[in-house]
Amino acid sequence: MDYEKPTQYAAHLRNSAGNRPGSISQQTLRMLYISLKHCKSTI
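So for the sequence shown, this note's numbering puts the first residue at 600; every next one is plus one.
Please keep in mind that the hints were generated in silico from the structure rather than gathered at the bench.
What you are looking at is a predicted structure, and each value in this text was computed from that prediction instead of being measured.
Take the hints with a grain of salt, since some may be wrong.
[Said to hold, decoys possible] The calculated SDA-like cross-link candidates involving lysine to any residue, where the alpha carbons are at most 20 Å apart (straight line), are:
1) K639 - L628
2) K639 - Q607
3) K639 - T627
4) K636 - T606
5) K636 - Y608
6) K636 - L612
7) K639 - Y608
8) K636 - H611
9) K636 - Q626
10) K636 - A609
11) K639 - T606
12) K639 - R629
13) K639 - A609
14) K636 - Q625
15) K636 - Q607
16) K636 - S624
Using the sequences and the hints given, assemble the complete structure.
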């Protein structure tokens, strides 16, 4: 999944947190890591 807008990604994180209270899934962590790498490469 590609998130072009930060708000869109933030909304996804909020939804993930709502689905799994108190825990972050490996998939969410991986997507966060990939998005951070992507942001660094575009700067």
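- Which hint numbers does the structure go against, in order from smallest to largest? Nothing - there is no hint that the structure violates, so all of them hold.
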